[in-house]
Amino acid sequence: MKNNIINIFKSLSDSLKDLYPIILVIAFFQIFVLQQPIPNLSEILIGTFLVVVGLTLFVQGLKIGLFPIGEAMAYAFARKGSLFWLLTFSFALGFGTTVAEPALIAVAAKAANVAATAGAIVDTEESRSSYANGLRFTVALSVGIALVIGVLRIIRGWPIQYLIITGYIGVVIMTAFAPNEIIGIAYDSGGVTTSTITVPLVTALGVGLASSIKGRNPMVDGFGLIAFASLTPMIFVMGYGMIL
Amino acid sequence: MIELIQKIASVTLSTVFDVLPIAVIIFGFQLFVIRKKIPHLKQVLQGFVYVLLGLSFFLVGLEMALFPVGELMATQLTDPEFIYGSLEAIPEFFHWSDYKWVYIFAATIGFSTTIAEPALLAVAIKARDVSGGAISVWGLRSAVAIGAGIGVALGTYRVVSGTPLHYYIIAGYVVVMIQTVFAPKMIIALAYDSGGVTTSTVTVPLVTALGLGLASTVPGRSALLDGFGLIAFTCLFPIITVMAYAQLSQWRAKRNGSK
Chain A
1 MKNNIINIFK SLSDSLKDLY PIILVIAFFQ IFVLQQPIPN LSEILIGTFL
51 VVVGLTLFVQ GLKIGLFPIG EAMAYAFARK GSLFWLLTFS FALGFGTTVA
101 EPALIAVAAK AANVAATAGA IVDTEESRSS YANGLRFTVA LSVGIALVIG
151 VLRIIRGWPI QYLIITGYIG VVIMTAFAPN EIIGIAYDSG GVTTSTITVP
201 LVTALGVGLA SSIKGRNPMV DGFGLIAFAS LTPMIFVMGY GMIL
Chain B
245 MIELIQKIAS VTLSTVFDVL PIAVIIFGFQ LFVIRKKIPH LKQVLQGFVY
295 VLLGLSFFLV GLEMALFPVG ELMATQLTDP EFIYGSLEAI PEFFHWSDYK
345 WVYIFAATIG FSTTIAEPAL LAVAIKARDV SGGAISVWGL RSAVAIGAGI
395 GVALGTYRVV SGTPLHYYII AGYVVVMIQT VFAPKMIIAL AYDSGGVTTS
445 TVTVPLVTAL GLGLASTVPG RSALLDGFGL IAFTCLFPII TVMAYAQLSQ
495 WRAKRNGSK
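So the sequence lines, in the order shown, correspond to chains A and B. Sequential numbering from 1 applies to the first sequence in this note's numbering. Sequential numbering from 245 applies to the second sequence in this note's numbering.
No lab work stands behind these hints, which were simulated from the structure alone. Errors might be hidden in some of the hints.
What the hints assert, rightly or not - In silico EDC-like cross-links for lysine to aspartate or glutamate, where the CA-CA straight-line distance does not exceed 20 angstroms:
1. LYS429/B <-> ASP342/B
2. LYS63/A <-> ASP373/B
3. LYS110/A <-> ASP323/B
4. LYS110/A <-> GLU125/A
5. LYS251/B <-> GLU43/A
6. LYS344/B <-> GLU325/B
7. LYS344/B <-> ASP323/B
8. LYS63/A <-> ASP123/A
9. LYS63/A <-> GLU43/A
Could you put the whole structure together from the sequences, leaning on the hints where they help?
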């Protein structure tokens, strides 16, 4: 019990350490540059307290929940030896986690606004929401495909750089042909797809796979799934912009 | 107080809906394809509850403490009245260096929000465990955060100067390719990954606010067309700094070894 309490305090102080750069930056700019008082100080203090508690709980949950389940599934699939089911699982995980991602929904709505203003689609509520939904499914599809490619790569032991650089070349070629107003959105969509819950799960899956397959090194082969998941949406979204 | 509890409850509810598809996929595959009992099921479920609650507290806290202040500061710093002292002093033509505080703010806020990013922390913990401690949690996080800071600062410069986004991104890709040839093999996959993990819960809302604030106040920019692209910068530069961090460690190890 005593150990538990010490542990909780230790992780609380770790979380506090993660936050103090933000506090410093905000305080410096408010006091020295903008020279304005910090509004609602009590609310900020309560908020900071919640952030610290939340971060501590999250890290605990990672260690006992998300990491073990991701690894356990990787081992189970490796032992089962069915490539088909492993790839189906990877696709489902990529697609399922992305399609409901709130950050993506926000970006898709903004993109629909841009497209309507630029005259690429008719400026009505209906056509905008169908454009946004189409975009969301496109990105989710691309993340699903990214995880399939990434998992195949871990199993086969392909070096990651050739695949990523091929992807970069794909992005550059697509940039030349895609309509101008979609480029910024496409580039940004790569970053918003990987959420706080997906990342630990996918990382644990990759590392678990790489350590359960003979001849793979978890450091060299285990990482890289996120990289694919943030690259393919750029290509797919530009493609989407070109077709519509 | 009641309001706060209500807010936490409603955010928790929406987080549950975010996690639901993941849980359905995991438990569905466990039940129907793997057909084995989940090891330490009770503990895993407890972990899921912790993650849910933790994330909800984290989000509510951010919304109370960080986002309003951060967004307010982004608008204040990009306000022409602040940059030129008064409304009358706004010149017809502006120089990119007029926005110097914006760049400094962008760099420091990019750095500090990335340090606090839970997804990055998760990857850093995993990287430390897998590398047997060779890659420290703080080393990786600092390298990524420096990259994110450079990325956001350069991104704001791009919005101010109005240069095309893809020039920067393509130049960044070329640097990444060259570094890939020289960087130690074991860091490459991790470096590529660190691009995607920088931008989630904390960084995206603040950086987006900064980009939109800038694009709507700098003369000649449109919020719709120039406001995007900051996230892409934040994703690209950490790849470069993480590889540079590994190259630097390797170089130092070599130099010490040859002595």
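Going through the hints against the structure:
This hinted pair does not check out: LYS429/B and ASP342/B have alpha carbons roughly 42 angstroms apart, beyond 20 angstroms. This hinted pair checks out: LYS63/A and ASP373/B have alpha carbons roughly 12 angstroms apart, not beyond 20 angstroms. Proximity of LYS110/A to ASP323/B is assessed by CA-CA distance (about 23 angstroms); at most 20 angstroms being required, the pair is judged violated. Between LYS110/A and GLU125/A the CA atoms are separated by roughly 13 angstroms; this keeps the pair inside 20 angstroms, and the hint holds.
With a C-alpha separation of about 14 angstroms, the suggested pair LYS251/B and GLU43/A falls inside the 20 angstroms cut-off, and the hint holds. A C-alpha spacing of about 14 angstroms is found between LYS344/B and GLU325/B, which places the hinted pair at or below 20 angstroms, so the restraint holds. With a C-alpha separation of about 13 angstroms, the suggested pair LYS344/B and ASP323/B falls inside the 20 angstroms cut-off, and the hint holds. Between LYS63/A and ASP123/A the CA atoms are separated by roughly 48 angstroms; this puts the pair beyond 20 angstroms, and the hint is violated.
Distance hint between LYS63/A and GLU43/A is unfulfilled; the C-alpha atoms sit about 31 angstroms from each other, more than 20 angstroms.
The structure fails hints 1, 3, 8, 9 (numbered hints given earlier, in ascending order).
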